[in-house]
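Novice: As a plain string of letters, each chain reads:
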Amino acid sequence: MTITASETDLLKVDADRLFGRKKLMSFGLPAIVIAYLTYIFFAFDIPGLSQRFEVDNARALVADSYSYKTHIARDNRTGEISAAIEGERKGTYPDGTAPEWVTLGETETVIDLGDGHVVTFGADNLVSYDIPGYGLITAQPSRAKGVQAVLPTEETPEWINASKNRMAITTEAGRLTITRNRTEVFRYFTGWELFFFTLDSPYSGMSVSEVMARALGGEHAQIWQDFWTNKMWRHQEVAWAIFETILMAFLGTMGAAIVALPLAFLAAKNFSPFLVVRQVTRRFFDFFRGVDALIWTIVLARAFGPGPLTGALAILITDTGSFGKMFSEVLENVDKKQIEGIQSTGAKPVQRYRFGVIPQITPILLSQILYYLESNTRSATIIGAITGGGIGLMLTQAMITQKDWEEVTYYIVLIILMVIIMDWFSGWLRRKLISGSESGR
Amino acid sequence: MTDQASGVLDIRADYMAQVRRKRMMDGIILVVFIALMVTGFMIADDRNAGGFWDGLHRFFDFPKEVLSEAIEKIGELPANLLKYLPSLIETINIAAASTLLGAMLGMLLSLLSTRGMAKWPRLIPVFRRVMDTMRAMPEIVIALVLIFVMGGGPVPAMIAIAFHTAGALGKLFSEVNENASLKPVEGLQSVGASWAQRMWLGVIPQVAPNYFSYALLRFEINIRASAILGFVGAGGIGYELRNAMSWGKGQYDDAMAIFLLLFLTIVAVDQLSSVVRERLTHGKNQKVTT
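Residue numbers (this note's numbering), protein chains in the order written: chain W, 1 to 441; chain H, 1 to 290.
Keep in mind the hints are simulated off the structure, nothing from the lab. A few of these clues could be false.
Keeping only pairs whose Cα atoms sit at most 20 Å apart, straight-line, the calculated SDA-like set for lysine to any residue is [as the list claims (entries may be wrong)]: (1) W:LYS432 <-> H:PHE212; (2) H:LYS171 <-> W:LYS23; (3) W:LYS22 <-> H:LYS22; (4) H:LYS171 <-> W:LYS403; (5) W:LYS23 <-> H:LEU30; (6) W:LYS22 <-> H:ASN210; (7) W:LYS432 <-> H:VAL31; (8) W:LYS22 <-> H:TRP200; (9) H:LYS171 <-> W:GLY427; (10) H:LYS22 <-> W:SER375; (11) W:LYS432 <-> H:TRP200; (12) W:LYS23 <-> H:GLN206; (13) W:LYS23 <-> H:LEU201; (14) W:LYS23 <-> H:ILE204; (15) H:LYS64 <-> W:GLY305; (16) H:LYS22 <-> W:LEU429; (17) H:LYS249 <-> W:GLN351; (18) H:LYS171 <-> W:SER375; (19) H:LYS249 <-> W:LYS23; (20) H:LYS249 <-> W:ARG89; (21) W:LYS269 <-> H:SER68; (22) W:LYS432 <-> H:VAL149; (23) W:LYS403 <-> H:VAL149; (24) H:LYS83 <-> H:GLN271.
Residues from chain H shown here face chain W by an in silico Cβ test under 10 Å; the list is partial [as the list claims (entries may be wrong)]: (25) PHE62; (26) ILE74; (27) VAL126; (28) GLY235.
Example chain H residues on the side facing chain W (calculated, C-beta under 7 Å, incomplete) [said to hold, decoys possible]: (29) ARG47; (30) ARG58; (31) ALA97; (32) ALA136; (33) GLY151; (34) ALA196; (35) LEU272.
Note that the Cβ used here is the ideal one computed from N, Cα and C, for glycine as well.
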């Protein structure tokens with residue numbers, strides 16, 4: 001049993017070849033990846049991205065997602081002053097009222113922007129802005145002469161943008177814009193405005209303890225009503241939308257499982273003796289899966305119109321294919337011994353399935369179904385955005401306005417919470433049901 | 001003897017009572033489930049624009065319309081297929097690039113969140129939560145926000161899908177990692193290898209086939225996702241499909257060509273990946289057992 005010199009040489013060559021292959025793999029694979037990513041870098045025109053990137057949009061989006069602004073505006077033709085949160089009609093203060101940092105007077109309105117910044121709307125459309133550390137700016141807008149501004153310094157600082165007909169001052173405390181027809185002040189606040197109650201509700205602006213006290217005093221129905229029908233945040237509709245999304249996922253997943261289970265028996269080798277039946281069923285599954293959920297959604301939306309039913313059916317059809325394939329694989333791996341054992345007691349075919357097959361496959365099927373339930377919650381959001389149903393639709397609608405980014409943020413947070421909760425719930429149910437069925441049956 | 005017989009009877013009665021209880025519980029669950037399905041269906045039907053029973057007979061109208069028009073213009077089909085091939089390639093590229101990027105990020109996250117391998121063991125829960133959040137984020141959410149910021153095109157879709165993929169694959173990868181042997185890692189540590197070297201040389205070779213198999217499965221899912229994102233404005237074949245659909249009648253041959261391309265791609269990738277995955281995960285064992 002000695003190894004001759006030629007044999008060692010052979011082994012050496014073998015080892016070298018193996019090493020060469022490993023080397024090729026460990027250097028070649030990263031090289032391919034880098035080459036592909038380089039191709040993508042140019043194919044997707046990533047160098048040109050910097051030009052397409054809209055910084056203003058990004059800034060507006062980020063700022064709006066955690067803060068809001070209150071507009072105080074004066075119509076320079078009528079002299080009327082209005083206050084509105086985000087400048088929306090839904091957030092307008094009733095006539096003759098304003099936030100407490102605005103003092104409405106007969107001739108003079110004083111707006112305190114905080115940190116010593118004070119804007120005064122004087123008589124005859126005169127506007128003055130006292131900026132600490134800079135001085136007093138006054139401006140006189142008029143129809144004939146445009147905006148005549150007086151600055152305390154010779155030079156115009158870069159945060160003031162002044163022309164003949166328009167002036168805009170942006171400071172850390174807020175923003176003042178003056179045109180011939182309109183003078184407007186924005187003050188920024190952190191948070192989501194009017195999240196609980198809109199301004200037309202008597203509970204708007206109350207502290208939590210006060211609202212709680214009122215609720216205990218018997219006003220809980222009214223308080224709930226005001227919160228639930230909040231026009232700005234539409235809590236009721238949002239709750240419905242989330243329910244619809246979960247409903248789509250539930251109906252789609254469970255419906256698909258119910259349809260797929262009998263079909264899976266037809267496609268499983270050990271239960272379906274006819275090759276033709278098996279092949280046809282399998283091609284059906286492939287077809288349902290291959291025609292993507294997107295296409296099913298389009299086709300179904302034509303027949304049933306937009307809504308949660310369409311979404312549920314789209315999920316149902318696509319997942320019938322996936323479930324059919326998976327279930328038939330599970331059925332093919334069923335342990336025969338158990339069925340034979342049942343058969344040896346004289347059981348009829350139906351009983352053989354009931355006691356020999358079903359107990360074996362239930363845990364696996366349940367765990368797959370529940371896994372899909374969670375993933376379909378996400379799909380239902382996406383399908384909802386296309387067909388028009390559920391939280392997906394609300395999200396796209398809020399995005400189309402391109403200004404309600406705080407609502408978009410709210411919906412995104414809700415979607416993520418919804419998916420995480422469904423994930424947790426399906427995991428909990430899976431553990432509960434599967435451990436139960438293992439010990440019980 | 002009588003004692004024994006009564007003991008058996010007791011056991012039998014006890015067993016039957018248990019069976020009855022079990023059956024009742026199963027029955028209740030079944031009834032609740034059916035009630036949920038039926039009411040759920042009724043609510044969905046109620047809130048849908050068109051009813052289920054009205055729509056049912058119209059189900060085949062649209063496919064029939066598209067098909068008949070496509071058959072009428074069957075001569076243009078090859079040209080149409082060729083016309084939409086570039087956008088199909090873009091869709092596939094979005095899926096491939098996002099799978100690749102997502103898998104790389106997911107690999108890193110999974111290594112950082114597996115006990116025994118993590119660089120900072122204290123941060124394991126943090127990385128797990130990060131993966132959960134990434135996984136919970138539907139692609140469309142990120143894509144729509146990014147489309148607003150950086151305009152339409154493939155890049156928002158790629159980032160959105162890669163983000164979700166990283167979370168989803170990270171979780172699967174970390175399950176694979178838990179079954180990997182730590183001995184090579186310890187061996188490498190004993191010769192003074194850095195964390196990156198330990199992972200790259202000690203862990204990755206063990207788990208690479210499983211990683212690859214999961215990534216392939218994800219690639220298949222991502223092709224579908226990238227088609228859908230195209231439909232909301234992120235480029236690729238989905239975008240072309242939306243255009244063809246909005247033109248309506250007269251352009252259904254275009255829609256048909258797109259349907260066909262998408263269908264064939266998905267089926268091809270599906271079949272290919274299942275063959276490759278079969279070979280990767282079962283290849284050696286299969287030959288032994290069969």
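Novice: Now look at each hint and say whether the structure bears it out.
Specialist: Hint check results:
1. W:LYS432 <-> H:PHE212: 32 Å, violated
2. H:LYS171 <-> W:LYS23: Answer violated: H:LYS171 to W:LYS23 is near 29 Å, above 20 Å.
3. W:LYS22 <-> H:LYS22: At roughly 57 Å apart (the allowed maximum being 20 Å), H:LYS22 and W:LYS22 break the hint.
4. H:LYS171 <-> W:LYS403: Roughly 35 Å between the alpha carbons, so the hint for H:LYS171 and W:LYS403 is violated.
5. W:LYS23 <-> H:LEU30: Violated - the C-alpha atoms of H:LEU30 and W:LYS23 are around 58 Å apart, more than 20 Å.
6. W:LYS22 <-> H:ASN210: 18 Å, holds
7. W:LYS432 <-> H:VAL31: 19 Å, holds
8. W:LYS22 <-> H:TRP200: 13 Å, holds
9. H:LYS171 <-> W:GLY427: Between H:LYS171 and W:GLY427 the Cα gap is close to 14 Å, so the pair holds against 20 Å.
10. H:LYS22 <-> W:SER375: 31 Å, violated
11. W:LYS432 <-> H:TRP200: Not satisfied, since the Cα-Cα distance of roughly 39 Å exceeds 20 Å.
12. W:LYS23 <-> H:GLN206: 16 Å, holds
13. W:LYS23 <-> H:LEU201: Given that 20 Å is the threshold and the Cα spacing comes to 12 Å, the pair holds.
14. W:LYS23 <-> H:ILE204: 15 Å, holds
15. H:LYS64 <-> W:GLY305: Holds, at about 17 Å.
16. H:LYS22 <-> W:LEU429: Status holds; Cα separation ~18 Å.
17. H:LYS249 <-> W:GLN351: Violated. H:LYS249 to W:GLN351 sits at ~54 Å, over the 20 Å cutoff.
18. H:LYS171 <-> W:SER375: Holds, at roughly 14 Å.
19. H:LYS249 <-> W:LYS23: Since the Cα atoms of H:LYS249 and W:LYS23 sit roughly 57 Å apart, the hinted pair is violated (cutoff 20 Å).
20. H:LYS249 <-> W:ARG89: 41 Å, violated
21. W:LYS269 <-> H:SER68: 37 Å, violated
22. W:LYS432 <-> H:VAL149: 44 Å, violated
23. W:LYS403 <-> H:VAL149: 13 Å, holds
24. H:LYS83 <-> H:GLN271: 25 Å, violated
25. PHE62: Cβ of H:PHE62 sits 4 Å from chain W, so the hint holds.
26. ILE74: Check failed: Cβ of H:ILE74 comes no nearer than 20 Å to chain W, outside 10 Å.
27. VAL126: At about 16 Å, which exceeds the 10 Å cut-off, the nearest Cβ of chain W leaves the hint on H:VAL126 violated.
28. GLY235: 9 Å, holds
29. ARG47: Since the shortest Cβ distance to chain W is 5 Å, the answer is holds.
30. ARG58: 5 Å, holds
31. ALA97: Given a least distance of 5 Å, the restraint on H:ALA97 holds.
32. ALA136: 4 Å, holds
33. GLY151: 4 Å, holds
34. ALA196: 13 Å, violated
35. LEU272: Where the cut-off is 7 Å and the nearest Cβ of chain W is about 13 Å from H:LEU272, the hint is violated.
In the structure shown, a violation is registered for the earlier hints numbered 1, 2, 3, 4, 5, 10, 11, 17, 19, 20, 21, 22, 24, 26, 27, 34, 35, in ascending order.
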